[in-house]
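2 protein chains.
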Amino acid sequence: MTTMKNIPLILMGCGGVGQQLLQHIVSCRSFHAKMGVHLRVVGICDSKSMVVSSDVLTRELNDNLISQVCRVKSNRSSLSTLTAFGECQVFMDSELRGKFLDIASLLSKVTGLAFVDCSASSETVGVLAQVVDLGCCIVLANKKPLTSTMEDYDKLVSHPRRIRHESTVGAGLPVIASLNRMILSGDPVHRIVGSLSGTLGYVMSEVEDGKPLSQVVKAAKSLGYTEPDPRDDLSGMDVARKALILARLLGRRINMGSIKIESLYPEEMGPNAMSVKDFLSTGLPLLDKDIGERVRKASLYGNVLRYVCMIEGSRVEVGIQELPKDSPLGRLRGSDNVLEIYSRCYGEQPLVIQGAGAGNDTTAAGVLADILDIQDLFP
Amino acid sequence: MTTMKNIPLILMGCGGVGQQLLQHIVSCRSFHAKMGVHLRVVGICDSKSMVVSSDVLTRELNDNLISQVCRVKSNRSSLSTLTAFGECQVFMDSELRGKFLDIASLLSKVTGLAFVDCSASSETVGVLAQVVDLGCCIVLANKKPLTSTMEDYDKLVSHPRRIRHESTVGAGLPVIASLNRMILSGDPVHRIVGSLSGTLGYVMSEVEDGKPLSQVVKAAKSLGYTEPDPRDDLSGMDVARKALILARLLGRRINMGSIKIESLYPEEMGPNAMSVKDFLSTGLPLLDKDIGERVRKASLYGNVLRYVCMIEGSRVEVGIQELPKDSPLGRLRGSDNVLEIYSRCYGEQPLVIQGAGAGNDTTAAGVLADILDIQDLFP
Chain A
1 MTTMKNIPLI LMGCGGVGQQ LLQHIVSCRS FHAKMGVHLR VVGICDSKSM VVSSDVLTRE
61 LNDNLISQVC RVKSNRSSLS TLTAFGECQV FMDSELRGKF LDIASLLSKV TGLAFVDCSA
121 SSETVGVLAQ VVDLGCCIVL ANKKPLTSTM EDYDKLVSHP RRIRHESTVG AGLPVIASLN
181 RMILSGDPVH RIVGSLSGTL GYVMSEVEDG KPLSQVVKAA KSLGYTEPDP RDDLSGMDVA
241 RKALILARLL GRRINMGSIK IESLYPEEMG PNAMSVKDFL STGLPLLDKD IGERVRKASL
301 YGNVLRYVCM IEGSRVEVGI QELPKDSPLG RLRGSDNVLE IYSRCYGEQP LVIQGAGAGN
361 DTTAAGVLAD ILDIQDLFP
Chain B
1 MTTMKNIPLI LMGCGGVGQQ LLQHIVSCRS FHAKMGVHLR VVGICDSKSM VVSSDVLTRE
61 LNDNLISQVC RVKSNRSSLS TLTAFGECQV FMDSELRGKF LDIASLLSKV TGLAFVDCSA
121 SSETVGVLAQ VVDLGCCIVL ANKKPLTSTM EDYDKLVSHP RRIRHESTVG AGLPVIASLN
181 RMILSGDPVH RIVGSLSGTL GYVMSEVEDG KPLSQVVKAA KSLGYTEPDP RDDLSGMDVA
241 RKALILARLL GRRINMGSIK IESLYPEEMG PNAMSVKDFL STGLPLLDKD IGERVRKASL
301 YGNVLRYVCM IEGSRVEVGI QELPKDSPLG RLRGSDNVLE IYSRCYGEQP LVIQGAGAGN
361 DTTAAGVLAD ILDIQDLFP
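If you read the protein sequences in the order shown, they are chains A and B.
If you're matching positions, the first sequence starts at 1 in my numbering and goes up one per residue.
If you're matching positions, the second sequence starts at 1 in my numbering and goes up one per residue.
Calculated directly from the structure, the hints in this document are not laboratory data.
Errors might be hidden in some of the hints.
Claimed, not checked - Between beta-carbon pairs, the in silico distance windows are:
hint: 1; chain 1: B; residue 1: Asp-290; chain 2: A; residue 2: Gly-224; range: 49 to 55 Å
hint: 2; chain 1: B; residue 1: Glu-227; chain 2: A; residue 2: Ser-74; range: 38 to 44 Å
hint: 3; chain 1: A; residue 1: Pro-188; chain 2: B; residue 2: Asp-290; range: 20 to 26 Å
hint: 4; chain 1: A; residue 1: Pro-188; chain 2: B; residue 2: Gly-98; range: 37 to 43 Å
As the list claims (entries may be wrong) - Cβ-to-Cβ under 7 Å is the rule here; a few derived chain A residues that face chain B:
hint: 5; residue: His-24
hint: 6; residue: Ala-84
hint: 7; residue: Asp-93
hint: 8; residue: Gln-354
Bear in mind the structure is a predicted one, so any value in this text is a computation, not a measurement.
C-beta atoms are modelled at their ideal positions from N, C-alpha and C, and glycine is treated no differently.
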């Protein structure tokens with residue numbers, strides 16, 4: 001190994017995925033050193049504040065301080081308490097954006113800088129577009145910047161080698177990396193069909209067994225498989241975001257509005273119309289009969305229902321589809337994700353990628369692989 | 001897009017995969033230009049001779065000359081006839097190695113150079129090790145250099161960012177890229193099980209349907225699924241090479257001799273003991289009963305036979321295994337490859353990658369994606 005490559009990075013968002021990423025970075029230290037790479041964490045921020053190393057050009061937040069960040073955030077405390085634990089500065093609220101840009105313009109000229117967005121915020125897109133413009137790399141687990149307007153999207157991907165976002169679709173599953181390889185080699189992808197929500201995958205395979213939808217959703221919620229408001233999953237919006245990211249990767253210039261989205265509940269049971277409690281106790285049971293009927297009807301033809309994402313030509317849809325029980329999607333059980341990709345090389349039989357498509361560990365592992373993947377852009 | 005990135009490359013081996021790669025390079029020209037990349041082919045060689053651009057620093061073999069190379073090679077003619085078609089030089093036999101090293105030491109200092117090995121030769125490993133040492137990148141579809149001694153292997157991978165070899169396992173399937181991502185992110189892979197031979201996949205799924213092995217192999221041969229001597233497939237050596245490549249990627253320091261290989265024919269039917277014709281007409285039918293018996297016995301337990309590669313701990317084996325009919329491997333039909341990878345992140349349910357694992361088109365696409373993947377190493 002020649003010299004040690006130094007990758008400075010700023011982490012945005014230290015919820016579950018961000019904390020897990022920090023832990024992975026620390027636990028991989030000696031292994032990455034053997035490969036000649038050092039990940040130098042110069043800043044960590046949540047929605048309100050940022051802790052920054054005392055000198056971003058030469059110093060880093062050391063591993064002890066990183067552990068303290070994880071402790072503070074898992075206790076839901078503020079990063080501002082961290083100044084007691086080492087050489088660092090803390091910036092708050094209105095100072096944040098200016099500070100980001102200061103650090104970005106300084107480091108991008110000298111060593112490069114990676115902005116890692118593990119938040120779930122729609123607010124980061126502006127600063128990400130600006131730091132890309134300054135020459136920084138961006139690595140995203142956050143889907144929202146990539147599902148903003150086409151104008152924003154074009155800015156984020158304006159230097160295609162400086163952006164990675166594996167963990168925006170299927171958590172750590174090598175979906176984006178594999179599609180990028182196909183695109184680079186001129187193998188045109190003409191069709192993608194997939195089950196991209198662990199939650200809806202679980203729900204659909206349970207109703208297949210004859211259980212009422214309302215019961216399955218309540219069970220999924222108590223198992224921690226759903227968002228606090230299960231309608232965030234049942235609306236299909238999360239799957240639609242992933243579909244939009246895949247479609248744009250394939251070159252489609254479309255917005256969320258162009259995607260046909262099937263919600264599993266009617267508008268009159270939406271968050272504006274009833275509480276979560278009412279939805280679960282009185283709204284949801286009204287849907288049991290209809291979905292049960294659809295399941296039975298499908299089974300008459302040897303088919304099952306799956307909540308799928310389908311991209312073909314200009315058509316991008318997410319919703320329930322009837323599929324052969326004996327297809328990769330039809331066989332899917334539990335919360336695994338699966339993606340079938342059809343192209344010139346994979347014309348009759350698709351390229352299939354399947355595995356755990358959720359979880360902080362695998363999502364953070366995907367982000368970490370992305371960071372290592374851009375190492376050649378650093379001196 | 002800023003400036004055009006220029007990747008000079010030398011192609012070794014212009015059989016089916018090499019010719020297909022050249023065609024892909026030419027047909028992707030305008031698309032790659034849009035991405036700001038130009039693949040500059042400075043040399044193409046077969047086992048006997050090499051055609052080189054008139055000035056490797058500034059000139060390339062133009063697309064017309066590249067088409068002529070494909071024409072000449074598909075007619076099984078010599079590259080030496082090419083001097084008539086444009087500005088190029090041809091070097092023969094004993095001059096080759098010296099010329100490789102001259103070009104490598106010249107270009108590695110100025111622009112970098114990628115050596116692309118699409119041959120099936122065990123002779124290229126020496127020159128590949130030398131050009132790596134000179135600072136060149138290597139991209140391999142050829143398995144043999146990576147299955148040579150550990151000493152050779154260590155030399156080839158001594159600069160891990162400068163080697164890519166996706167198409168050595170599962171053709172263009174994103175197997176190596178996905179494993180590399182897992183390794184980089186510190187997700188330890190503890191088990192790989194796969195079906196990595198399209199030929200043996202076809203054979204095993206046909207005998208499962210009750211057909212005699214001898215009949216299935218003859219049909220496979222007439223369909224062009226096997227090597228000219230089907231024993232090259234039936235011996236398991238090709239699968240063992242892929243297993244060794246995967247095991248070494250995971251850090252196992254082993255040689256071919258450490259792999260337990262089950263051959264589908266006994267030694268007394270080997271190439272030294274009988275001709276291909278005798279093997280097919282009199283040897284092979286003697287094996288029908290035994291394999292038929294094993295198929296029937298497995299089916300009693302709901303199992304099927306698959307020729308698999310299994311890597312777990314220090315154990316690396318290739319051979320027939322009894323597997324549940326209802327597992328990803330058990331369900332495999334025809335000539336698709338499938339790989340199940342178990343790690344910390346994919347602990348209970350594996351990461352599964354499945355699709356066409358053979359064919360010049362997909363193999364060459366994998367090589368081309370590898371070449372584009374190292375673009376950040378070029379100025």
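Hints and how they fare:
1. Under the hint 49 to 55 Å, the C-beta atoms of Asp-290/B and Gly-224/A, about 52 Å apart, fit the expected range.
2. Taken as a hint, the range 38 to 44 Å is violated for the pair Glu-227/B and Ser-74/A, whose Cβ atoms sit roughly 58 Å apart.
3. At roughly 46 Å, the beta carbons of Pro-188/A and Asp-290/B sit outside the given window of 20 to 26 Å.
4. Between Pro-188/A and Gly-98/B the Cβ separation comes to about 42 Å, which falls inside the hinted range of 37 to 43 Å.
5. A hinted interface residue such as His-24/A counts as satisfied when its beta carbon comes closer than 7 Å to some beta carbon of chain B; here the least separation is about 6 Å, so the hint holds.
6. Look at Ala-84/A: its Cβ only gets to about 30 Å from chain B, farther than 7 Å, so that hint breaks.
7. For the restraint placing Asp-93/A at the interface with chain B, the shortest Cβ-Cβ distance is roughly 33 Å, beyond the 7 Å limit, so the hint is violated.
8. The interface hint given for Gln-354/A is met, as the beta carbon of that residue sits about 4 Å from the closest beta carbon of chain B, less than 7 Å.
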